[in-house]
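Between the sequences and the hints, there should be enough to build the whole structure, so can you do that?
Protein sequences, first through last, are from chains F and E. First residue of the first sequence? That's 1 in the working numbering, and the numbers climb one at a time after it. First residue of the second sequence? That's 1 in the working numbering, and the numbers climb one at a time after it.
Note that these hints are calculated values from the structure, not bench results. Heads up, the beta-carbon is just placed ideally off N, CA and C, and yes, glycines get one too. Hints are not guaranteed to be accurate.
Covered by chain F, per the in silico footprint, the following chain E stretches (three or more residues, Cβ under 8 Å) [stated by the list, open to error]:
1) 13 to 22
2) 26 to 40
3) 226 to 232
4) 246 to 259
5) 263 to 270
Protein chains: 2
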Amino acid sequence: MELWFTEKQTPSLGITCKIKSTLIVEQTPYQHLAIIDTEQFGKMLVLDGMVQTTDVDEFVYHEMITMVGLNTHPNPRRVLIIGGGDGGTLREVVKHPAVEKATMVEIDRRVVETSIEFLPKISSALHGNPRAEVLIDDGIEYVKNNKNQFDLIIIDSTEPVGPAAGLFSAEFYRNIFESLKEDGLFVAQTESPFFNADLIRQVFADISSIYPITKLYLASVPTYPSGLWSFTMGSKKYDPENIGQETCPVSDTRYYTPAVHQAAFKLPKFVQELLIPKK
Amino acid sequence: MELWFTEKQTPSLGITCKIKSTLIVEQTPYQHLAIIDTEQFGKMLVLDGMVQTTDVDEFVYHEMITMVGLNTHPNPRRVLIIGGGDGGTLREVVKHPAVEKATMVEIDRRVVETSIEFLPKISSALHGNPRAEVLIDDGIEYVKNNKNQFDLIIIDSTEPVGPAAGLFSAEFYRNIFESLKEDGLFVAQTESPFFNADLIRQVFADISSIYPITKLYLASVPTYPSGLWSFTMGSKKYDPENIGQETCPVSDTRYYTPAVHQAAFKLPKFVQELLIPKK
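Structure follows, in structure tokens:
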């Protein structure tokens with residue numbers, strides 16, 4: 001018997017993967033959770049039917065959601081991660097030598113527990129790392145209660161439906177502003193420019209209305225819809241395009257380099273056009 | 001009834017698209033040909049079961065296989081396209097004001113005829129353009145018989161199986177060298193760095209052994225495997241990273257800009273590593 005998992009990335013487009021086995025399938029209080037073992041991408045975390053991360057291509061997403069912000073801030077000592085329960089983002093953050101403490105706030109305990117059990121490569125920093133703090137809590141509330149605390153905040157959310165809907169709102173970006181120190185910055189994953197143009201346009205406009213510096217950058221993640229993924233940065237002081245940096249303090253990357261960092265902000269014309277405010 | 005077309009991009013990974021209708025399906029002397037109308041990507045050309053081009057994302061591939069070479073050569077007057085029967089590459093080439101004549105050599109007459117009939121947006125330059133010459137011929141033979149003729153040659157092939165197998169060989173790249181003028185250059189589509197690492201490694205080594213300047217660059221094409229696509233350039237004289245150009249003579253692009261041109265050569269570390277010769 002051949003088993004195939006199909007994610008409908010849109011109502012009329014899917015990605016389909018042959019699977020070796022199903023490791024866990026359950027309904028958590030927040031979402032439907034599955035971890036499956038695929039032929040093409042190794043182990044895969046699927047939430048509400050949508051691929052979140054896989055053994056084979058997770059390095060792209062996790063390096064690009066972390067290193068761009070870490071290497072934009074000159075001294076990112078305190079880092080907050082909202083979401084990111086699989087631990088890949090935390091694993092990258094604690095690689096950076098400037099980071100004294102990284103706090104991850106994930107709402108769904110089962111994502112953390114099952115990632116530790118079934119995704120050891122990705123989740124390695126979720127336990128036993130002295131610079132990593134893992135909290136099971138609502139990131140929206142946590143941010144409200146921790147003002148002027150962080151150099152860098154990373155919003156590693158699921159799609160803007162279900163538990164992550166509030167993580168794409170102007171109110172949340174204002175609360176993030178308050179939670180950052182006076183020279184802080186944040187990075188959020190903001191979906192595909194091919195399939196989520198309206199979301200990107202709205203998010204970019206909202207962040208631009210709050211932060212002096214707002215920039216979007218791109219990376220190629222094969223298992224995400226269209227393969228082209230966007231991240232949006234709001235920054236109080238530092239411009240990610242002026243890092244003036246030739247080397248990276250984290251050397252064991254597979255995607256990120258300082259040249260890739262700079263290139264990621266050189267947007268295709270159709271993406272540039274999403275960011276121009278409508279009159 | 002719902003109809004879905006699935007391309008198995010690898011034995012264990014597929015892309016699946018809901019279709020409105022099947023416009024044509026036939027076996028040509030060279031390959032299986034289909035043009036279908038999809039919900040997500042509009043009309044789609046499928047050869048031997050593999051997506052070649054679609055209305056929605058063809059601009060990325062066609063701009064990036066043409067403009068990078070056109071804007072690297074200071075005066076690309078004579079351009080040869082091998083393959084490219086849908087006409088999209090030819091359409092882009094004749095937009096460039098320096099081009100006096102563009103010759104397209106496609107082996108399969110039915111690709112040209114059906115693209116003219118069913119893909120009008122893509123195929124517009126295939127008929128009635130005074131600077132475009134469309135020949136139905138074997139590109140490998142054509143190159144052998146036309147030496148020292150071209151400023152730019154573009155190899156717009158299908159995957160390296162079936163009719164295109166010979167278009168990925170060292171012998172062919174040597175014949176291309178002879179067909180170029182003394183300061184000529186060529187660009188070939190060279191598959192996905194995620195799924196075709198061995199091919200890219202071999203092609204890059206072969207071209208490097210023949211051409212003084214060999215460079216690989218990337219673009220994001222949603223309907224191609226992994227969404228990240230590579231192109232390899234062999235050049236006798238001009239370096240595509242030293243174009244020193246702020247503006248582009250073709251203004252109606254949707255992906256390409258001179259900044260995107262430069263950024264496309266800043267390769268993720270795992271791609272850079274494919275290009276280092278094995279000892």
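ask   = What hints, given by number in increasing order, does this structure fail?
value = Of the numbered hints, all hold.
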